[in-house]
Structures are given as C-alpha cells and as structure tokens.
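> In case you want the letters, here they are:
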Amino acid sequence: MKEIKTTSIVLAGVGGQGILLASEIVAQAAMAAGYEVKTNEVHGMAQRGGSVLAQIRYGKKVYSPLVGCGTAQVLGSLERIEALRFASYLAPGGLCVVNSQKIVPVTVSMGAASYPDDAEIRLKNKFPNLIYFDAAEEAGTCGNLRAANVALLGALSTGLDLPEKAWHKAIEVSVPEKYKDVNLKAFERGKTKA
Amino acid sequence: MAMRLLSGNEAIARGAYEAGVTVATGYPGTPSTEILENVVKYKEDIYCEWAPNEKVALEVAAAAAYAGARCIVTMKHVGLNVAADPLMTLSYVGVEGGLVICVADDPGMHSSQNEQDTRNYACFAKIPVIEPSDSQEAKNFVLSGLELSEKYKTPVILRTTTRVSHSRSMVETAERINLQKKIGFVKDPPRFVPLPAFARGMRKKVETRLSLMADHASKSELNKTELNDKALGIITSSIAYQYVREVWPQASVLKLGLTYPFPDKLIREFAAQVKDLLIVEELDPIIEEHVLSLGLKCEGRKYIPGIGELSADVLFAARRKMEGKEAVQVEPGEKDLPGRPPVLCAGCPHRGIFYALGKQDVVVTGDIGCYSLGTLKPLDRMDTILCMGGGVSMAHGLDKAGENKKVVGIVGDSTFFHSGITGLLDIAYNKGKSTIIVVDNRITAMTGHQDNPGSGKTLMGEKTIAASIPEIGRACGISRVREVNPYDLQKTEKVIKEELDAEEPSLIVSIAPCALKEKKKLGPVLKIDADVCKKCGQCLKLGCPAIESAEGEIKINPYLCIGCSMCSQVCPFGAIISEEEQ
Chain A
0 MKEIKTTSIV LAGVGGQGIL LASEIVAQAA MAAGYEVKTN EVHGMAQRGG SVLAQIRYGK
60 KVYSPLVGCG TAQVLGSLER IEALRFASYL APGGLCVVNS QKIVPVTVSM GAASYPDDAE
120 IRLKNKFPNL IYFDAAEEAG TCGNLRAANV ALLGALSTGL DLPEKAWHKA IEVSVPEKYK
180 DVNLKAFERG KTKA
Chain B
0 MAMRLLSGNE AIARGAYEAG VTVATGYPGT PSTEILENVV KYKEDIYCEW APNEKVALEV
60 AAAAAYAGAR CIVTMKHVGL NVAADPLMTL SYVGVEGGLV ICVADDPGMH SSQNEQDTRN
120 YACFAKIPVI EPSDSQEAKN FVLSGLELSE KYKTPVILRT TTRVSHSRSM VETAERINLQ
180 KKIGFVKDPP RFVPLPAFAR GMRKKVETRL SLMADHASKS ELNKTELNDK ALGIITSSIA
240 YQYVREVWPQ ASVLKLGLTY PFPDKLIREF AAQVKDLLIV EELDPIIEEH VLSLGLKCEG
300 RKYIPGIGEL SADVLFAARR KMEGKEAVQV EPGEKDLPGR PPVLCAGCPH RGIFYALGKQ
360 DVVVTGDIGC YSLGTLKPLD RMDTILCMGG GVSMAHGLDK AGENKKVVGI VGDSTFFHSG
420 ITGLLDIAYN KGKSTIIVVD NRITAMTGHQ DNPGSGKTLM GEKTIAASIP EIGRACGISR
480 VREVNPYDLQ KTEKVIKEEL DAEEPSLIVS IAPCALKEKK KLGPVLKIDA DVCKKCGQCL
540 KLGCPAIESA EGEIKINPYL CIGCSMCSQV CPFGAIISEE EQ
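Those protein sequences? They're chains A and B, same order as listed.
Using numbering that gives the first Met the number 0, the final residue of the first sequence is 193, and nothing's skipped along the way.
Using numbering that gives the first Met the number 0, the final residue of the second sequence is 581, and nothing's skipped along the way.
With the rest of the complex left out, here is chain A (with noise of 0.2 Å):
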C-alpha cells in the first residue's frame, strides 16, 4: 500500500458545468489552511462538451500535480454518472459526492450508446460511502441553480480536514462579490447533506 502524505481530490462533470471554479476554491481553502498546494485541469479540446478531470493536491510538501489511482481522499461529481467513469482515482473507502443531474452525451443521442438506467444503484454499490442529492435543486432554494458546483463543495468539504474559516475565505476571493452570498449559502445547504 502507498503512503498517502498528500490529500488528494479529484472532481469529475462535463464542460461547462463549473469544474474550474469549483477547482479553484478548493485550492484557495488548502492554501488559506497553509498547506503546499498543486493542481491539475483540463483545458483547449477536451473542454467542448466533454467529459471533464480537475485534480488538486495539497500537504506539507506536493511533488506531482496528477492524482494517482486510488489515492483520491474524495471524489466529487457535477453529473451522475461521471463519478463512475473516475471511480478509480478514489481509495478504498473514500467520500464521494455526486450531483444526481444527468447530461445526455450526444453519443446517447445518436444512438451509439446508451445512458445507464441504474447510475444510482451502480453508484451505490460502488461507492459505500456515498452522498448523492441534487445539487442544483439544493442550489436554486438557495438563490442561483448555477451553484451547483458550491453546494456539491459543502458536502465534499465533510470529507476532509479543512477549517471551516478556510473554505468560507476561499469562497470569497473565489466568486465576484455580488454572488458571494448565494454561494455561502450553498456551501453550507451542500454540508447538511453529508
């Protein structure tokens, strides 16, 4: 078994959906806790639609910027079934966070595949410790559908060790300041859901 100095997250979705920001804040908090931080994210091509990786790591000390294979202490998703599609980064026993919104790939659409109809089940079983809402609608009582991607963050951050005056400071110089609001709100409606 490797020996895991450094924390490891990775957050899965699709183009669009947020992943950057999302991404940012979490660096932000591990950089407001003091730790090393070093992150990872897709961009140019793979950003059209698809399928989409952000990794961050932090610690005292973070050599590579890429998660290994089971070695994710979380594992969070903007789409469904996206969190299968990276379940292995996540070690054995770990949190993950998914986002029950489903986007329909347009190789679905066509015809050449199709969209599993028991995503739920499947992530159930192969997530046992899983926290799986609507993070959308979670979102919308809170003021903005479109923080999504903070209200899956608040019920991420339950998995890590994180100070909470950290995430809230990271959230802060992470947004414009007139959505700053709504995304607190959403961070703390996403924690209430672990």
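Treat the hints with care, as some may be off.
To be verified - With a Cα cut of at most 30 Å, we get these calculated DSS-like pairs of lysine-lysine:
#1 K376/B <-> K180/B
#2 K376/B <-> K404/B
#3 K533/B <-> K4/A
#4 K456/B <-> K493/B
#5 K334/B <-> K123/A
#6 K4/A <-> K223/B
#7 K177/A <-> K376/B
#8 K152/B <-> K42/B
#9 K59/A <-> K177/A
#10 K60/A <-> K404/B
#11 K177/A <-> K516/B
#12 K519/B <-> K184/A
#13 K179/A <-> K518/B
#14 K59/A <-> K223/B
#15 K218/B <-> K40/B
#16 K526/B <-> K125/A
#17 K554/B <-> K101/A
#18 K177/A <-> K40/B
#19 K490/B <-> K177/A
#20 K101/A <-> K334/B
#21 K42/B <-> K150/B
#22 K168/A <-> K180/B
#23 K180/B <-> K101/A
#24 K184/A <-> K518/B
#25 K192/A <-> K534/B
Keep in mind that the hints were calculated from the coordinates and are not lab data.
Here the structure of chain A is known, so what remains is to put chain B in place on it, guided by the hints.
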C-alpha cells in the same frame, strides 16, 4: 514578495514581466496559449501581439532581439515546425537582446495531432533548451533563459509540457527588473547577414558556442544534484522529476533544468557516485541516448514508456517491472459507460456547413480548429487532417491526382490566415478546381477565443483592420467567391452545390460569429412538439448537444439551446417549434 497559485503558463508570463521583457509574440495553440493571454496584463510595459503564425511570430521577435530588446515567443510544439525555418538560421546569426522561445509539448496528445519532443529541435538547431518542472521554475527559468541567451548570444528554447503549462502550483513573485536597455540596431553585415561567405564563419561559431555552453551547463544552477541513497541514481527533467520524487523518494536524482547542451561533466560525476543509473524522461530518449554515448551504463526506455505521458502511476508500474515484481492489477473501470467526446457547441455555425456537405458525395480535406470535430459522427464530414493550412492545399493535391469525386477543403479563419492563403494561391495559380470553404467566425475559437487578423482587434485591445477573406480570395485570383450564412441550411446547400458543379476553383466564406463566444440567443429557444414528432431522428443527424435522445424520447435541453433553428429547418414534420408557436 507574495505567494500565488499560478499555472505554468501564467508563471512564464510573470517571469517575462519580472525579467524586463519588452516584446512578446506568439500564435495560440494548446497548451501554450495562456502565456501571451497573461503577458497582455502587463501591456503597459510589454508590447505583445498574436502573429498570424509561428514563423511570423519568431521573425518579429528575432528582429526585436537584434535591436537589443528582451523578447519571448510562444507556441505549441507543432508551431515550432512552422517556425523551424527562421529558427535554424537564427541559431547562426544569434541575438543581441535575450530571446526565449516558449514551446509547449503535449505528451499524451490531449489537444494535438502528434506528440513530438521539442528537445530534438534544440539539438537540431544547436541551441539550449531549458525545462522547468513546476510553476516556480517556469517563472524563474524565463530570466535564466534570457540571461543565457544574452551571454551566449543565442536563442533559447524554454520547453514545457501540458502538465507544466496547465498545472498550478505556488509561485513567489518579485518586482520587475529595471533594465534601461538601449534599443538600436547596429549595422554589422557579417553578424546579421548569413550570405554564404558570412554564414560559414557563423557555422564555426555555433560549434564553439555549443562547447562553451556545455561547460556552462555543468555549473548551471538550473541543473541540480540531490544525493540520497546511492544504490540508484536517476537523471530526469521537466514534470517527470515530480513523478520521480514520489516513486523513488530514496533515490539520488540529477534533475536537469538546462538539458541541452548536455552537462557532460555533471552527468559523469553523478554516474560515478551511484550504483545503478536510470533515465526518466517523457517522450524521446534524448538524455538516455546521450548518456549511452558517453559510454555510461544506464537504463531508461526499457522500463520507462516513450509513448504517451508519464505519471507517478506509470512510474510505479515501471519500478515494479524493474524490481522484477508482478504488475499490480488495476481494478477495471465501470464498463458500458457512454463516451462523452467533445462536440461542436449547441448553435455552432460550423454545423450548418457540415450538415450541408453531408448531402454531397465529395472528399473533404479538413484542417485544425473546432471544425476538426466535424470528423466525428453523426456529422462525419471531414476525411483528412494533416496540419495547419493543409486543408486548402491538400484539396488541390487530390484534385490534381485525378480523384474521381469532387474535393472540398475546409479551413477556419485563423488557420486560413496562418497558412491557408498560400494554398489558395496555389489553387488559383496552378489552375485547380477544388472548392475551398472558410468557416469564418472572426476568432481563433478552439484555443479559447484569441483575436486574429480578421477580428478587428489586437491582443492589446486596440481597434485595427479586419482582413476580409473574400477579398483575399479575389486577390489570389479566385473569381468565384461566395458568402453564405451557415444557419440558412437550404441556401448553404444550394451554394455548395453550385460551386461544386463549377469547373473552376471557388471560395465559399461561411460567415457567422462563434456561438460560444457570443453567448447570446440567435432566436427563441425551441422545443419538440411530442404530438407531431414522428421520432424519425433527422434532427439528431445535426449532432447538436442540446438535442437529447434517451429512452425513446427526443427533447431539447432549454439550457443549452440558443435558438439557431437548424433543427427546425431539418425537421420534415414541423415538430420543432418555439414556445410562442405552440
């Protein structure tokens, strides 16, 4: 002094600012694009521009460096192929002000058509290459590179990879150096004019410089020896260093930052201190082959893959192999998940062209840009891609070979300006008859919306000319020049058909702005009237991500639809309507 979380590309931009750079040029290309996008933040101090292509970018910067300015040029690995012509001779002529050519490689081909190793160019052109392994080094190496460049009067390549350019790590920033450099070109033909008589002298100087720099490399602070357990010594560079530190925490490491000219003395000293020597490098075995040529025993490619990118996982597997252990069985991922490839955006104007072309039995030579996605099903209307601008000239090649089918070349506006114009000129000059379509959205879209000569705006935000593609076509000698609105499918189909039927070359310019950049609705959001829909699937042939079909039902996602109306134009039953029409 402040610590900031910066990507490698942001850090290079910061490094250029701190190092007193005054001229920065480049052409967009993933993973290099964000360097200039961040340099422009310092436009008060740094003149910066997007050039039409990498060759032009390097030539502009080379001349600025002749005059004494500190310069950087940015491009992706394949861009250096385009700039290779000036590079090879610039090595002979050299520079006065420092010149660092920032080239970003893409091991694993995340957004590229090949995975060439730029370090080969350094050896080929006989100029130094420096390789940062994180953002702090990316920033610092810009200054080191410029100093090296000025000391030896040579251009220097700063080579990153996708993981260096796009990973973010913490960077300590500093103030800008106040250089007060005197700018002025000093006439000196034997120095600046490589006529054969002068070039022969330059050729010898290149070799002398190389050997001086090799001595320098052995003393350079960019190369670091980390002595630890001496049973295994690893020579590595770039991002691979980070993986090595995780996988072999006990090993001694020689980390090369100035990889070429090879620091032979340092390599020999290191090799003498360790029992076994392993070379860990991404892509080509450049260090390994050199170490072997020194007569030193080492392992490398036997265990470390040369195809695709490295990672700690890949190196853990290599380590087990080296130690004679069985490979760890990775738990297979979930099967039967639907693929989620990138697609043309909802409302993308390129879709109209591909859909219309789908009705024609033609060969389509394509090019590099978002429209490469027209290759994928269901549009499936691009048959070849080779390189920037190739879509134009290759149509001509097929035509001249006597291809039975009509040939259509497709190219975007930025790619047309980059290197499509010369192909079009060839078609007109050599009496070709292919049809060239320029999908003109007035922006370099794929790399994230950089301005180009057609945008009417410079990188520094100034208003400027907006080069007209129809006019360029006419100036090249193409007399059949047509403009179409790609959202009007019937008209587009008609124009394409007419031009294919013509027995002379033609240029069709499809004019519509990038839907992703504009971010506005083109019309009312549409929906499918379930009572009228016969589920014939015609709309699905557009491959629009807003049209979702699952569990036997076809729906339009109102959050993605921008009301471009192409789907309602193709629906034979009039089932696709706006809310108001219902």
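> All the hints need checking, so say for each whether the structure fits it.
Going through the hints against the structure:
no.: 1; hint: K376/B <-> K180/B; in the structure: violated (56 Å)
no.: 2; hint: K376/B <-> K404/B; in the structure: holds (21 Å)
no.: 3; hint: K533/B <-> K4/A; in the structure: violated (58 Å)
no.: 4; hint: K456/B <-> K493/B; in the structure: violated (33 Å)
no.: 5; hint: K334/B <-> K123/A; in the structure: holds (16 Å)
no.: 6; hint: K4/A <-> K223/B; in the structure: holds (24 Å)
no.: 7; hint: K177/A <-> K376/B; in the structure: violated (42 Å)
no.: 8; hint: K152/B <-> K42/B; in the structure: holds (26 Å)
no.: 9; hint: K59/A <-> K177/A; in the structure: violated (34 Å)
no.: 10; hint: K60/A <-> K404/B; in the structure: violated (61 Å)
no.: 11; hint: K177/A <-> K516/B; in the structure: holds (23 Å)
no.: 12; hint: K519/B <-> K184/A; in the structure: holds (29 Å)
no.: 13; hint: K179/A <-> K518/B; in the structure: holds (23 Å)
no.: 14; hint: K59/A <-> K223/B; in the structure: holds (22 Å)
no.: 15; hint: K218/B <-> K40/B; in the structure: violated (35 Å)
no.: 16; hint: K526/B <-> K125/A; in the structure: violated (36 Å)
no.: 17; hint: K554/B <-> K101/A; in the structure: holds (13 Å)
no.: 18; hint: K177/A <-> K40/B; in the structure: holds (24 Å)
no.: 19; hint: K490/B <-> K177/A; in the structure: violated (45 Å)
no.: 20; hint: K101/A <-> K334/B; in the structure: holds (18 Å)
no.: 21; hint: K42/B <-> K150/B; in the structure: holds (27 Å)
no.: 22; hint: K168/A <-> K180/B; in the structure: violated (42 Å)
no.: 23; hint: K180/B <-> K101/A; in the structure: violated (58 Å)
no.: 24; hint: K184/A <-> K518/B; in the structure: holds (28 Å)
no.: 25; hint: K192/A <-> K534/B; in the structure: violated (39 Å)
Checked against the numbered hints given earlier, the structure breaks hints 1, 3, 4, 7, 9, 10, 15, 16, 19, 22, 23, 25 and satisfies all the rest.
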